Each structure stands twice: as C-alpha cells, then as structure tokens.
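Trainee: Chains as they are written, first to last, in our numbering: chain R, 3 to 141; chain Y, 3 to 141; chain U, 3 to 141; chain G, 3 to 141; chain Z, 3 to 141; chain P, 3 to 141.
Treat the hints with care, as some may be off.
As the list makes no split between identical chains, a pair holds if one copy fits it or if it spans any two.
Mimicking DSSO-like on lysine-lysine, the simulated pairs with C-alpha atoms at most 27 Å apart in a straight line are [to be verified]: (1) K25 x K11; (2) K31 x K11; (3) K95 x K31.
Derived from the structure by calculation, the hints contain no laboratory data. These numbers were taken from a predicted model, which means no experiment stands behind them.
6 protein chains.
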Amino acid sequence: MPTVYITRKSHFNAAHRLHNPDKSDDWNKATFGSCNNANWHGHNYVLEVTVAGEPDPTTGYVLDLSILSRILNERVIEHLDHKNLNLDVPFLKGILPSTENVVVAIWNRLVDALPAGRLHCVRLSETERNAAEYFGPDA
Amino acid sequence: MPTVYITRKSHFNAAHRLHNPDKSDDWNKATFGSCNNANWHGHNYVLEVTVAGEPDPTTGYVLDLSILSRILNERVIEHLDHKNLNLDVPFLKGILPSTENVVVAIWNRLVDALPAGRLHCVRLSETERNAAEYFGPDA
Amino acid sequence: MPTVYITRKSHFNAAHRLHNPDKSDDWNKATFGSCNNANWHGHNYVLEVTVAGEPDPTTGYVLDLSILSRILNERVIEHLDHKNLNLDVPFLKGILPSTENVVVAIWNRLVDALPAGRLHCVRLSETERNAAEYFGPDA
Amino acid sequence: MPTVYITRKSHFNAAHRLHNPDKSDDWNKATFGSCNNANWHGHNYVLEVTVAGEPDPTTGYVLDLSILSRILNERVIEHLDHKNLNLDVPFLKGILPSTENVVVAIWNRLVDALPAGRLHCVRLSETERNAAEYFGPDA
Amino acid sequence: MPTVYITRKSHFNAAHRLHNPDKSDDWNKATFGSCNNANWHGHNYVLEVTVAGEPDPTTGYVLDLSILSRILNERVIEHLDHKNLNLDVPFLKGILPSTENVVVAIWNRLVDALPAGRLHCVRLSETERNAAEYFGPDA
Amino acid sequence: MPTVYITRKSHFNAAHRLHNPDKSDDWNKATFGSCNNANWHGHNYVLEVTVAGEPDPTTGYVLDLSILSRILNERVIEHLDHKNLNLDVPFLKGILPSTENVVVAIWNRLVDALPAGRLHCVRLSETERNAAEYFGPDA
Numbered sequence: 003m004p005t006v007y008i009t010r011k012s013h014f015n016a017a018h019r020l021h022n023p024d025k026s027d028d029w030n031k032a033t034f035g036s037c038n039n040a041n042w043h044g045h046n047y048v049l050e051v052t053v054a055g056e057p058d059p060t061t062g063y064v065l066d067l068s069i070l071s072r073i074l075n076e077r078v079i080e081h082l083d084h085k086n087l088n089l090d091v092p093f094l095k096g097i098l099p100s101t102e103n104v105v106v107a108i109w110n111r112l113v114d115a116l117p118a119g120r121l122h123c124v125r126l127s128e129t130e131r132n133a134a135e136y137f138g139p140d141a
Numbered sequence: 003m004p005t006v007y008i009t010r011k012s013h014f015n016a017a018h019r020l021h022n023p024d025k026s027d028d029w030n031k032a033t034f035g036s037c038n039n040a041n042w043h044g045h046n047y048v049l050e051v052t053v054a055g056e057p058d059p060t061t062g063y064v065l066d067l068s069i070l071s072r073i074l075n076e077r078v079i080e081h082l083d084h085k086n087l088n089l090d091v092p093f094l095k096g097i098l099p100s101t102e103n104v105v106v107a108i109w110n111r112l113v114d115a116l117p118a119g120r121l122h123c124v125r126l127s128e129t130e131r132n133a134a135e136y137f138g139p140d141a
Numbered sequence: 003m004p005t006v007y008i009t010r011k012s013h014f015n016a017a018h019r020l021h022n023p024d025k026s027d028d029w030n031k032a033t034f035g036s037c038n039n040a041n042w043h044g045h046n047y048v049l050e051v052t053v054a055g056e057p058d059p060t061t062g063y064v065l066d067l068s069i070l071s072r073i074l075n076e077r078v079i080e081h082l083d084h085k086n087l088n089l090d091v092p093f094l095k096g097i098l099p100s101t102e103n104v105v106v107a108i109w110n111r112l113v114d115a116l117p118a119g120r121l122h123c124v125r126l127s128e129t130e131r132n133a134a135e136y137f138g139p140d141a
Numbered sequence: 003m004p005t006v007y008i009t010r011k012s013h014f015n016a017a018h019r020l021h022n023p024d025k026s027d028d029w030n031k032a033t034f035g036s037c038n039n040a041n042w043h044g045h046n047y048v049l050e051v052t053v054a055g056e057p058d059p060t061t062g063y064v065l066d067l068s069i070l071s072r073i074l075n076e077r078v079i080e081h082l083d084h085k086n087l088n089l090d091v092p093f094l095k096g097i098l099p100s101t102e103n104v105v106v107a108i109w110n111r112l113v114d115a116l117p118a119g120r121l122h123c124v125r126l127s128e129t130e131r132n133a134a135e136y137f138g139p140d141a
Numbered sequence: 003m004p005t006v007y008i009t010r011k012s013h014f015n016a017a018h019r020l021h022n023p024d025k026s027d028d029w030n031k032a033t034f035g036s037c038n039n040a041n042w043h044g045h046n047y048v049l050e051v052t053v054a055g056e057p058d059p060t061t062g063y064v065l066d067l068s069i070l071s072r073i074l075n076e077r078v079i080e081h082l083d084h085k086n087l088n089l090d091v092p093f094l095k096g097i098l099p100s101t102e103n104v105v106v107a108i109w110n111r112l113v114d115a116l117p118a119g120r121l122h123c124v125r126l127s128e129t130e131r132n133a134a135e136y137f138g139p140d141a
Numbered sequence: 003m004p005t006v007y008i009t010r011k012s013h014f015n016a017a018h019r020l021h022n023p024d025k026s027d028d029w030n031k032a033t034f035g036s037c038n039n040a041n042w043h044g045h046n047y048v049l050e051v052t053v054a055g056e057p058d059p060t061t062g063y064v065l066d067l068s069i070l071s072r073i074l075n076e077r078v079i080e081h082l083d084h085k086n087l088n089l090d091v092p093f094l095k096g097i098l099p100s101t102e103n104v105v106v107a108i109w110n111r112l113v114d115a116l117p118a119g120r121l122h123c124v125r126l127s128e129t130e131r132n133a134a135e136y137f138g139p140d141a
C-alpha cells in the first residue's frame, strides 16, 4: 500500500525575544542584535505539519484533516497564538525561543497525539525568508 | 554526475465531492461533513511534479520543461481541468477523490510517460492549507 | 477626522458552471467553453471586503474585525462554502454565476448589514489570474 | 504628462497589544480579546507606500526607488522593526496601535519627507487577512 | 446598471537596462547604479490589466476573459516575453524602460484594442517589492 | 541531539540566455526556443539555501542567519544580482546557465564556506512555475 504525506498549514501571531538569561546583557545584545530588543518583537508564524500514512480505503484519508486541525489547535495553536513565547507558554518554559528550538518543541507536543511513527515533519516559518524544519530525533 | 531535481507547477480547476457509494448517506455526511455536499464543491488545485536526473551536458536540462509540460497536459491537466473528478475522469473511475487518492492516481498516470526511475514526487494542493505528496510505491 | 479603509480577506470553495438556461446548449458551449462543463467545475474563491470609516478614538477600530468576520460568515461564507453556486444558494437564484455577477450579489448581501455608506469595495478572485471588483451602484 | 503611481513594499516585525489605558482591564479584555494579551503578541507587518507623479523624462522615474527606500527606512522601518509599538516608538506615543491608527501615523511620518502632494496611499497589512489603507486627510 | 472592474494577471520574462543614451556613462552609472549594468539584467514581470464595464445580461461578462487574454497576448505579451526591452520591442523604441515608462507604453498598446473608455488600469510589477500603475492620460 | 534544517530565502534579478556555443544557431533555436533569444531575457530568481545541524544550546541557532546571509551575499548574490549569467559571472564561466547548472554551481560556491557536511540543499526558482534543487554530489 502506498505511503502518502499530507500537510496542514496553520498560523499563529506571537511576541518573542532572543535572550539567554544565563549570559550578560552585553553578550545577548552582541549575539542576537535587534532580536534581543528588551520590549519584544513579534511574527506571523506559519506552521506546516506533515503526517505520513496509507490512505484508508474507506475514506481516502491518511488522517481526517479536521482531526489533525483539532490536534494542532488543542496542542499547539491555542497555546501560542497571541502569546509571548518567552513568558506565556508552559511547554516552552526554559527554552530560548529561536525558530529551531520552537520547531523541536512543537514536534514534541504533537508526536504523542498522533499514532506512532506517523508524524513526519514540522516546519515553522518565522518570516517569508526564514524557516526551520524538524523530522524527529531519529531522522 | 550530480542528480538534480526539477519541479514544474501546474493548475487545474475542478469540482468534486467526498462520497463513498458503498456507505449510507448518513455515514458519508458524518464522515465527510460539508465535503460531502450533494451538489459538489470545487477547488483551484495546484500540481507540482518533480523529476530527478543528471543535467544533460549539451542542454543543461534534466528534462526539457516544454516536454514535461506537454506530458503533464496530455496525461493529466486536460483530463482534470474544468471537470468533475467523480464523474468526468476515466482514470479516476471508482476512486474516492480525496487529495491523497488523486495524487496517487496522478503519479500512476505519469510514471510510464517518463524514463524509468525519473519521476520523484507528485504534490497536489487542494487549498492553500491542505496538500498531499506521493513519492511512489517504493518510497 | 481621517477616513481609513480596512480590508478583510476570506475564502470559500465552491462548484459552479457558466450556463444561460435561456440559450441553447450549442450557444452555451460556444460562449463559455470548458466553463460550461455539464458536471460543473470549481474554485477556491478569495473574497476581500473593504469598509471605510473613521477610526473610533476609544478602540482605534474603523470596525471591529471580529464583527466584520461574523457578518461575512453569516451573510456570505456559510452560504457559499462547499456549495454549488448554481443550485445551492438562495441569494444567487436566477443569477448566472460569473465572477462579475457573484461579486455584485455579495455586495447586495453585505450592504444592509453594515452602517450606511460604509461598504466600499467587494473583490472576488476566482483564480490567481482572474478577479472582479465592485464599488456599489453609485460608484 | 501622465500621472503614474509607484508602490514600494517593505516589511517590519514588531510586538504590540491593543489596550486603552483610560479603560478598565475588563473593558479592554472584552473589547480586544486575545489582542489585549498582557505580555504582547506580534506580527510581520507589510507596508506598501504609493507615490504619484509624472515620470522624469531624463530618468523614467516618478521617484528614484532607492531614495524612497531610504526615506522609508529612516522615517519608518528603523523605528518600528524589532520594536514594541506600544513602548518603543516615539512617534506612536499615546496612540493605541491598531492597524488603522498606525497607518495614519506612518502617513504623517512620510508626508513631509516627500514633495507636496506626491504621497498617495499607505497600506499596512497586519496579517495575510487584515489590512488598512489611508489616502491622507483630504481624501 | 452596475459598473464592475475585472482584472487579468499575466506574466513575461524580459531583460532590460536603465540607460539614457543622451547622457554620459558616468551619469548613467551614478543615476541607475546596478540597474545600468552594461550586459543587462532581467525580471519576471507581472502585468495586471483592469477593464471596467457593465456585466452583459446574457453572459454575465464585463468582457470575455478569453478575448482579453488574446488581446493581451497579441498586443503585449508576445512582444515582451523572452525579449530585451531596450533592443527587441518596436513599441518601446526610444523609451527608457523604467517600470513607469513601460506601464504607460503598455496602456497605449491596449487602449485602442478595447472599446472606448473601458481600459481602467494597467499595473506592472518588476519585482515583489516594486510596481507601477497607470490609469490613463485623463486620470 | 536533534538535527534541524534551517532555510534562508534570497533573491537576485539577472539576465541570461540558453545557448550552447558548440552547436549551430539552428540547433540552439530548435532546442531552446524563446529561451535562446539573442538579446537575452531575464528573471527574478529565488534562492533557498538549507543548512542542517544541531541547535547550539547557548544561542538556539543551527547557524546564525546573519552569518548565513553574509555568506550568501558575499559568495553568491553580489555576483549574480543585476548581472548577465552568461557574461558577467566568473564562477559560471563556460557553464550553460540552465536552472539545473546554476543550482549546482551555487552549491559549489557555498559548500566550502560552511562547516563540512552542513549544506543540505540549494533550491533555485527561475519562475513561479519552474525550480531546480540540488542536494550535493553524494545525495
């Protein structure tokens, strides 16, 4: 049976700041530049989640996208949309919210909510020009 | 010699309906919701076809895109554009036209029209937010 | 006080067919070509609605976009999304569903749901390449 | 001589919060919902500035876009990019940073930096779906 | 009867160079910078043409888009696509090919091919960030 | 530690021509059609470069994007933007500038400027519809 990959695109708008609290303000400013702005800045993040599987012969679905949407909303979007990634999100606590670190955290939020081995890729775009992708710890 | 992947994007506008004729109307309505609408709905589908190969030293081409375009038009686009995917398309006969099933059917339409092993990926977007990809039965 | 124009973009996916029932099948085929396909085709329509007004000094809003979204959903989107524009939509009854005619019909659905003189423009894109705009009967 | 309109698109990423400090927290929460989040949220703003004029016969330019870019950067982008619109921007001090109010403020920043009567429109998109346009106090 | 505006988007890929042959090389270099590159550069131009009119009661069309497409191809696209705007295009002879000048020249190519008073706007984008619009000599 | 893939998108505007100087003009015209136009044509190229790695625990970065941007500008963009790919670019000398050949050449320009094994993919889009990807000689 064929493996097909389906992708669902979602959005959230959040504030953040790149800042390592274990380092000095000077180090943070030198390392992160304007991304370290003390009063935050923000983005329209674009989240693309890819799930692999064989289409069900009865429905034609790898996974009902309304189920995937519900999982994405309940596990990720509701916790990040119109929030501050440094302050407001329990599952990002202690994580420096670079796109790289956030995409791994989103994978970890989703992997257990889906059947084993089905989550294939999480892609997070911070801007039109910058994105990070994660294929899990075994990829 | 290097392997390069070229991708050609095409479009078609079609009507469809998610409906399994072996199941009751109630099951179909419960399973597919508004996608089961009796009088159809439709989409601007976006089709991306990726072909792998070594660039020809004389032309610089993996495959002349005017040839690839002709194959896509003759084998796929002319059969799907401004059509009803449930009723009008011989190569989709008996196939529930979910994005997943259609992308596999398009692969099967294309694979024999290209040199063996060269078709790499078919990606079909139903909307800006939903897409399916297929890399063939051996991937 | 300044006049500012706010625009809200929405989407709906619908089937339709260009067909004038007062004319012969031959005339329809000659006039509308593949858009006349008997079994319908469809589009991901993009709807942009622009409202004019002075920002409220207390809220900064010309119009609360959550109110505008609700109006758009209740008056337009719920009636068109995952529907057949020729068969399923009472407010399009008897209207040949060209983009031009549909955009005028959407204006007429919205104009009374907004304060007098505030609806400025309705824009409807049928594809990436084709769109129609309407500024009301007095423009 | 013909009047031509040229448009330059720019971007900035900023944090903000919709909050009227003259009102109670309850009123703000009820009025602005998640946009009132105490710890801010943010956007990738898209700014489009349109300037009108006759093309110069010697250069073909209505206005050299490198000059327009410099004006946009010096007057607007450098003050808003990677900033907090409520806290960090002198020219937004005391202004509730709705898209409507910010677009008027950007017009006011630009109008004196351009020859009289040449600034035609400022358009600011907060997200893919929401935008505000301003054509000046006399439009 | 209502006036509706329809817009058709087309594309052409062309080389050009900003260079005024009546001026010195130094003046050209100082004025146009990298756009003056002696061996040309190029763009994927996007052309949007807007036509105004009342929808025909029999067809629902302001203007049959297949007719508009044919006019655009015959009068504009075939003459500009895969061409050099400075060297290959009779209707641009002697015109410095800034976006502003080209958009006026395209208007002049189209206005007589359409019914009087129906051409409303020509918009030409040189890049994602730069565009010029022209509404005719009387606007 | 997880491997994350970051992608940076850049742009350059260039002229080119598909022409094999070892072949006759007739062969070139028959093979490349309008892409062989003697006076060149051009494109807004979009370049996407993907780098793999483990996020640094101190910065959260796979690679500081300001460093990646500098490398892209110094090694690639400054040499291609507003240039003629056939005439102006030393690292393309003797290379027929098809998208396939240019994407391999860009990989070769970048691979030594990045830590060993970190460059994952170079993607070059010539138009909205045509793109080439390269994953290196060992992929």
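Trainee: Is it within, between, both, or neither for K31 and K11, if the alpha carbons may be no more than 27 Å apart?
Mentor: between (33 Å within a copy, 25 Å between copies)
Trainee: Up to 27 Å between alpha-carbons, please classify K25 paired with K11: within, between, both or neither.
Mentor: neither (35 Å within a copy, 30 Å between copies)
Trainee: If the cut is 27 Å between Cα atoms, do K95 and K31 qualify within a copy, between copies, both or neither?
Mentor: Intra 21 Å, inter 25 Å, cutoff 27 Å: intra and inter.
Consistency note: the structure conflicts with earlier hint 1 alone.
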